[in-house]
Amino acid sequence: MKKLFGTFGVRRLANEVLTPEFASKLAAAYGSTVEGKIAVGGDTRTSTVMIKNAVISGLLSSGCDVVDLGILPTPAVQYAVRKYYDGGVIVTASHNPPQYNGIKFVDSDGIGIPDDLEEEIERIFFSEDFRRASWDKIGNLTSNTSIIREYQDGVIARVDAEAIRRRKFRVVVDCGCGAASYTMPYILRRLGCQVITLNSQPDGFFPGRDPEPVPENLSELMETVRSTGADLGIAHDGDADRTICIDERGEFVLGDKTFALVEKRMLQEKGGGIIVTTVATSSAIYDIASENNGEVITTAVGDLLVARKLKETDGLFGGEENGGLIFPDFVYGRDAALTAATILEIMAHEDRPLSELVSELPAYYSSKRKIECPDEIKGDVMDLVSKMLADEEGVRDIDTTDGVKIFSEAGWVIIRPSGTEPIFRCFAESETQEQADEMARWGISLVERAMEKLK
1 MKKLFGTFGV RRLANEVLTP EFASKLAAAY GSTVEGKIAV GGDTRTSTVM IKNAVISGLL
61 SSGCDVVDLG ILPTPAVQYA VRKYYDGGVI VTASHNPPQY NGIKFVDSDG IGIPDDLEEE
121 IERIFFSEDF RRASWDKIGN LTSNTSIIRE YQDGVIARVD AEAIRRRKFR VVVDCGCGAA
181 SYTMPYILRR LGCQVITLNS QPDGFFPGRD PEPVPENLSE LMETVRSTGA DLGIAHDGDA
241 DRTICIDERG EFVLGDKTFA LVEKRMLQEK GGGIIVTTVA TSSAIYDIAS ENNGEVITTA
301 VGDLLVARKL KETDGLFGGE ENGGLIFPDF VYGRDAALTA ATILEIMAHE DRPLSELVSE
361 LPAYYSSKRK IECPDEIKGD VMDLVSKMLA DEEGVRDIDT TDGVKIFSEA GWVIIRPSGT
421 EPIFRCFAES ETQEQADEMA RWGISLVERA MEKLK
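Numbering (full-length UniProt numbering), first residue to last: 1 to 455.
Be a bit skeptical, because a hint or two may be false.
Said to hold, decoys possible - Result set (DSS-like, lysine-lysine): computed pairs, CA atoms no more than 30 Å apart in a straight line:
#1 LYS25 to LYS2
#2 LYS405 to LYS368
#3 LYS270 to LYS3
#4 LYS455 to LYS309
#5 LYS2 to LYS368
Unchecked claim - Ranges of calculated distance between the beta carbons of each label pair, as one might list FRET restraints:
#6 ALA300 to ALA363: 42 to 52 Å
#7 PRO362 to GLY271: 16 to 26 Å
#8 GLY271 to ASP351: 21 to 31 Å
Honestly, the hints are just simulated from the structure, not real lab data. Computed from a predicted model, the values in this text were never measured in an experiment. Positions of the beta carbon are idealized from the N, C-alpha and C atoms, including for glycine.
Kindly produce the complete structure, drawing on both the sequences and the hints.
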């Protein structure tokens, strides 16, 4: 069992566990497993420059040449690695609070590295069996400051920019003081939008709101959309790989609705294709696929798993229910900018507001809850929950691809330990909000009862 890596990368409290020494050793372990030129970039957190420089030192010491991309969105780093480099390191804690930071490693396709390589990195890290270059073989450091503009160009080239420009959309964008501040307002203006910005100054303290784009953090964005008569509101997380939309009425649009809307358009344009998503995604994704000659393949939770499966199957499109959509012809990872641009393209082509487009999608209701749980007992809790289900009434079927997904006549609920935080997450979906809420409460109660038994 891995000791450091979670769902994607290593996340810890900055300068407490994730110190420069820790970061340098981890990067040297990664550098000991690869060769060539490695790109490094990061988000706007206060600790990112410190951690990024430590990562660069560790890579150089292992003999890798390093290209510093600066502060930029995670998908921009993945784009750069796929096109130019042999691997990459991204310093980010994504949606986590500001006191956290993290390190993500990607392969030459820009996809998160596989489990066996993570295990090898951990072995090298703990045994200190590093490949240390001699003084005359230490790697070289260069920089590439043009990749942000190239990434923006790539996003704009993949949508019908002229159709969007003709509509002159009014868009409110909330970058959460994260990495999207360097890209999203500029992309929107280049697409002819009238742009109103919130929290679009880079600031690692995240003074405007918490980095996670969930309803309780987006009240200002929703109100601004209403008060300005905007056509669309857009919110991003800290490293700009997720997009959450607010419709023209100021209403929060669930990430799986955005997923279904884009899935529908892409399947119709291509005449079908493979859609890859996780076991935690809405049944609407399956409904849209069956109506449009699509095939759905599921993975455990984690965008790197979805990305890897997209590459293996030559998939058309993929993503998660949290607003993280993957366009594999561009970036093998969640891409906030291309998601937002694609939503605008759909609105322009359909000449209808987002609320109307979403209303035509298959209707399901969801409920999401979480409960704190120490990392060290997550495995025992999961084992107990699985055993407890044998005595629970109404369980129709169980899927253990990731955590446990429980099917009943009312719908489904998935219970799984977070790979990035000391919590359990519980997602439920049903045909009514009341049933979804009830199933989510039941799922959390199972975790609570399991933790009580372990006391």
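> Does the structure break any of the earlier hints, and which numbers would those be?
Replying inline: The structure breaks hints 3, 4 and 6; every other hint is satisfied.
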